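K.L.:
Start from the sequences and build out the full structure, keeping to the hints where you can.
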Amino acid sequence: MEKKVFERPRYLKKASTHYCPGCGHSILHRLVAEVIEELGIGERTIGVPPAGCAVLAYDYIDVDMGEAPHGRGAALATGIKRVLPDRIVFSYQGDGDIAAIGTAETIHAANRGERITVIFVNNGCYGMTGGQMAPTTVTGQLSTTTPGGRVPLRDGYPVDLSEMLAVAKGTVYIERTSVTSPKNILRTKRAITKAFRTQIDGLGFSLVEVLSPCPTNWKLSPVEAARWAEETMTKTYPLKVIKDLTGTPGQDGN
Amino acid sequence: MTKKAKKGRITVDREFCKGCYLCISVCPTGSIGISGTLNQKGYYPVEFLDGKNQGEESRCTGCTTCAIVCPDVAIEVYRE
Ligand code: SF4
Ligand code: SF4
Ligand code: SF4
Chain X
1 MEKKVFERPR
11 YLKKASTHYC
21 PGCGHSILHR
31 LVAEVIEELG
41 IGERTIGVPP
51 AGCAVLAYDY
61 IDVDMGEAPH
71 GRGAALATGI
81 KRVLPDRIVF
91 SYQGDGDIAA
101 IGTAETIHAA
111 NRGERITVIF
121 VNNGCYGMTG
131 GQMAPTTVTG
141 QLSTTTPGGR
151 VPLRDGYPVD
161 LSEMLAVAKG
171 TVYIERTSVT
181 SPKNILRTKR
191 AITKAFRTQI
201 DGLGFSLVEV
211 LSPCPTNWKL
221 SPVEAARWAE
231 ETMTKTYPLK
241 VIKDLTGTPG
251 QDGN
Chain P
255 MTKKAKKGRI
265 TVDREFCKGC
275 YLCISVCPTG
285 SIGISGTLNQ
295 KGYYPVEFLD
305 GKNQGEESRC
315 TGCTTCAIVC
325 PDVAIEVYRE
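Residue numbers (this note's numbering), protein chains in the order written: chain X, 1 to 254; chain P, 255 to 334.
Treat the hints as calculated values from the structure; they're not laboratory data.
A quick note: this is a predicted structure, and the numbers were derived from the prediction, not measured.
Accuracy of the hints is not assured; some may be wrong.
[Claimed, not checked] Simulated coverage check for chain X against chain P, where a stretch passes if three residues somewhere in it have a Cβ under 8 Å from a Cβ of chain P:
| no. | segment |
| --- | --- |
| 1 | 8-22 |
| 2 | 26-35 |
| 3 | 182-190 |
| 4 | 217-227 |
Glycine residues also receive a C-beta, built at the ideal position from the N, C-alpha and C atoms.
P.N.:
So this is what it looks like as structure tokens:
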């Protein structure tokens, strides 16, 4: 008997996305939808999409959503979670959103140990506005505002937001993964599952940073873009568990 | 070849496919090719090579690797 072994998850609408061919956002949307379905939390999950390419995430991920002003995902998610503590609240934010304009909101939400989950999509540039340098652009990376490549002494160093957040006492689980190969995609799904579980268990702030190809602004084919992220981006942003206190006593709402 | 490999098959939604060809780059059995006709968005979508065009059995094992990497969820996988 033939069985269907892979199909669109229930919480991903049957809609063709506006994302470019090979964009990591599309893969990540599917993973978030799969995890929500597997954890059985679809009816009590609220998402907070960002400004940026993922601004229309509410057209695709089929749960309640509340759009945040640019960078303010963690602040909005905080408000929702505090008013509706039984909901599972996640923000979905790009690197320009979370690591530039939203740095203050993000760091303080993390430091307060808000029981929210942040999906941080790092593609090393401002995607929607045409590929300008972002704080996360890696050294030497070409962008429209660093046409000869990023030079730290002129343009600053790539911001390592996840490592910075790991210093905050309120953060419980932070992992960096990528959506650049079948293996890494499955690892990302496990990390998102763990991040949501951290919130379900009331332990504190969880975040998954996902290195995500932007073939259009990197000016590479989708296959080349995935390879570039694996070979070059991971030198600045190694894939690893950055912080994991989920098994530590005392992390249960104090 | 005495041991019979698992048999699988995929379907591709031509209108959802954006021709990124990530699926082709990861398929271990070379079971996916590029279609010769455009879809409505103007991409050349992929198509399943069921082997019949080469007078062979399909080599697809239904491993789902192509579907895991497909950004546009254009692939469904079936396995016996
Ligand atoms: S510009 Fe980049 S991040 Fe935005 S949809 Fe296109 S590939 Fe994705
Ligand atoms: S299921 Fe596996 S073998 Fe079949 S087409 Fe997809 S990647 Fe290839
Ligand atoms: S991975 Fe998906 S969107 Fe890309 S070429 Fe294959 S079927 Fe089409």
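K.L.:
If any of the earlier hints don't hold here, list their numbers in rising order.
P.N.:
Nothing - there is no hint that the structure violates, so all of them hold.
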